[in-house]
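Chains as they are written, first to last, in the working numbering: chain A, 609 to 1008; chain B, 609 to 1008.
Quick caveat, the hints were computed from the structure, so don't treat them as lab data.
Be aware that a few hints might be false.
Identical copies carry no separate label here, and so any pair may be met within one copy or between two of them.
[Unchecked claim] Lysine-lysine pairs mimicking DSSO-like chemistry, simulated, CA-CA at most 27 Å apart:
id, residue 1, residue 2
1, Lys-858, Lys-884
2, Lys-854, Lys-946
3, Lys-865, Lys-1000
4, Lys-1004, Lys-884
5, Lys-636, Lys-1004
6, Lys-865, Lys-974
7, Lys-987, Lys-762
8, Lys-854, Lys-989
9, Lys-636, Lys-971
10, Lys-974, Lys-636
11, Lys-971, Lys-788
12, Lys-636, Lys-946
13, Lys-714, Lys-971
14, Lys-971, Lys-721
2 protein chains.
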Amino acid sequence: MIEELNQLVGQTAPEAPLNKLNTGIRQKRIGILGGGQLGRMLLQAAVNYPIETFVMENDPTCPSAHLCHHFTRGDITNFDEVYNFGRGLDALTIEIESVNEEALFKLESEGVKIYPNPAALRIIKNKILQKQFYKENAIPTSDFIITNSLEELKQASDFLPAVHKIGMGGYDGRGVQVMKTSEDLQLGFDSPSVLEKMVAIEKEIAVIVAVSATGETTLYPPVDMVFDPRLNLLEYQVSPADLPEKTLWKIEAIALKVVKDLKSPGIFAVELFVDKPGNVWVNETAPRVHNSGHHTIEANYSSQFDMLWRIMLGYPLGSTEHILPAAIVNLLGAEGHKGEACYEGLYDILQLENVFVHIYGKKETKPGRKMGHITILSKEKQELIHQANRIKQTVKVVSQ
Amino acid sequence: MIEELNQLVGQTAPEAPLNKLNTGIRQKRIGILGGGQLGRMLLQAAVNYPIETFVMENDPTCPSAHLCHHFTRGDITNFDEVYNFGRGLDALTIEIESVNEEALFKLESEGVKIYPNPAALRIIKNKILQKQFYKENAIPTSDFIITNSLEELKQASDFLPAVHKIGMGGYDGRGVQVMKTSEDLQLGFDSPSVLEKMVAIEKEIAVIVAVSATGETTLYPPVDMVFDPRLNLLEYQVSPADLPEKTLWKIEAIALKVVKDLKSPGIFAVELFVDKPGNVWVNETAPRVHNSGHHTIEANYSSQFDMLWRIMLGYPLGSTEHILPAAIVNLLGAEGHKGEACYEGLYDILQLENVFVHIYGKKETKPGRKMGHITILSKEKQELIHQANRIKQTVKVVSQ
């Protein structure tokens, strides 16, 4: 790669460890739309590089506001506010899909680099377009029908069991309804939505894929998302996932195809189902850093956050290799607690030597809110699972 | 420890993984005096915990200013400014010794926790008091005499070869003068200083020690500071240092004694000389996070920065264990370059899979200025040294 580039610029530099192309790593101006925990961890990684950072978010007490050079209070869904925020920046990224994409298209046409590009974002942020994209590109995904109203949905009882997902605006479990019998149909959404045939899931896997501005790609080792079978709640995530080699190859090939067909640089999280016979189905894709990649901060040479900066700065892609295997547990606001956050049991967990605590700095907890996560590193898978369960039993985010 | 504490509060909690003492990890307000790269990396680590951060520094474009909740432009050597900054905080730390210590004594008397405490800081920041402290506490250190003026220094030709160090205000190599012959005496300092007998150094070692508010201590593995024998410039640092077991024990015992005798919580970097016969001498101590501990960000479970927050927040001390051995190379401003910084050769280095780049975000480079560092992780010591040399030859911080 370097040799090719050197040839392009007419340099052979036989004696040189110095690549002359690179005589210019200088500070760049990069913005983030949204100021939650993903922005926070991005800004934490930005500390390592020469970057002038910009954040736009409505809430000036959000987790990212104090960690950037320039905070703009603004509405990320508003055309003018996004456009004015993005003008003059070298690059712009998102930490949530619900941003004004028209402004991104305009900024892109004026030379601002957008990660992911707005065309890919448009496909992904609408669950209907996303499903159609999989189908058009022959990417394996569960069967689906589109429902534009509750009326239409009620005709679809033959299609059950299925999952009803609202086209636009769903997030973190909102806008998703499991439908087992025809009585459940009335719980569906009365707006354009997609009804997805239920897959007999054996495993849920997530893969983070990085794509450079010049189209180079690299994959992180797949992550096993372990759910509580009774509550259908994510228990913990383990990386690398325990998979037969053939299934692993299939997953990697499919994840790579999703991202290549999206034709956009950036970081993508592809979530997949594996069924008992070993078939692989794409569930959905996020065009950004993702919860399923948080362990990469400590567990991999280049974290997903580091990697996105490398992509936006035009640096070489980093290494996705594991330093050590890892598990993570999300810290969610406890049921029945709303108010100023307090972290019960955390003192105990901070005594474990192979555990890394990440609190997102949200002042207020509420039931189910993502308040932090804890990463465990260990060569031993049993140790990862043991500690993950211990953390789940010990730490509780309550109101004071 | 937990059991003892549980007994103290009258709880036995037979079934509990939950330590009730800990039902209260809440946000704390903590300040840093100084806004350079040490503050920057401290704030990067602070992102993981519930902390409201405060920084005071004269330069609003300093490496830390944009990474805290509250930046105060102010003079850290001024009594009123330091005192007003510290009032109402839960805790306060420093990232440089030259702060107003009277203000710290007053704040301490009013209940603000200071890391390190001002009594320890007073000893360390004056190289004369520091040497006397070692002598009084029977800590092995090279012989020395005190010189109050150039006139007194000129009487000391019998004491050469020696190193003349100014009592107050030296920093990063400034205020230090090597004296081999009596002609060198005129290069000395005309103010209270210490003249230290030169030791026949075989190795220079640094040890980071952590001390909790309740007096618990833990040591990081010693670091080998490798100097260029011709230029007497730090080439790179390797951790853990390659030492005979007996020397290692001696170093650890001495470093621990230094810190225990200082009677202060905080992070301390003890720099030591080892001579050919294996004698160990304390060179000097820094009462704060230190350049010789930067590799701990990636190489150890709890970094020196993470550890200082744990100490200030009253959390358990973290693990100082290595995840992998490491080396670091400092990136210093190149000779003959002054102006807006540009990082030559960095692109090449970012392609190495086991390398972590840290740029400090200083707009201006000047000769010898600390502009960043690069950490290398590897199981193989030869690989560490090979990559360290490669980085030294490849990366150059120049002006644009």
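Status of the hints after comparison with the structure:
1. Lys-858 with Lys-884: within (14 Å within a copy, 59 Å between copies)
2. Lys-854 with Lys-946: neither (46 Å within a copy, 56 Å between copies)
3. Lys-865 with Lys-1000: Answer is neither; intra-copy 35 Å and inter-copy 40 Å both fail.
4. Lys-1004 with Lys-884: neither (34 Å within a copy, 55 Å between copies)
5. Lys-636 with Lys-1004: between (40 Å within a copy, 19 Å between copies)
6. Lys-865 with Lys-974: neither (38 Å within a copy, 48 Å between copies)
7. Lys-987 with Lys-762: neither (50 Å within a copy, 61 Å between copies)
8. Lys-854 with Lys-989: Within one copy only: 21 Å inside a chain, 36 Å across chains, cut-off 27 Å.
9. Lys-636 with Lys-971: between (31 Å within a copy, 12 Å between copies)
10. Lys-974 with Lys-636: The answer is between: 20 Å across copies meets 27 Å, while 37 Å in one copy does not.
11. Lys-971 with Lys-788: neither (38 Å within a copy, 60 Å between copies)
12. Lys-636 with Lys-946: between (40 Å within a copy, 20 Å between copies)
13. Lys-714 with Lys-971: For Lys-714 and Lys-971, the Cα distance exceeds 27 Å both inside one copy (35 Å) and across copies (31 Å).
14. Lys-971 with Lys-721: Between copies only: 24 Å across, 33 Å inside.
Of the hints listed earlier, those the structure fails to meet are numbers 2, 3, 4, 6, 7, 11 and 13, in rising order.
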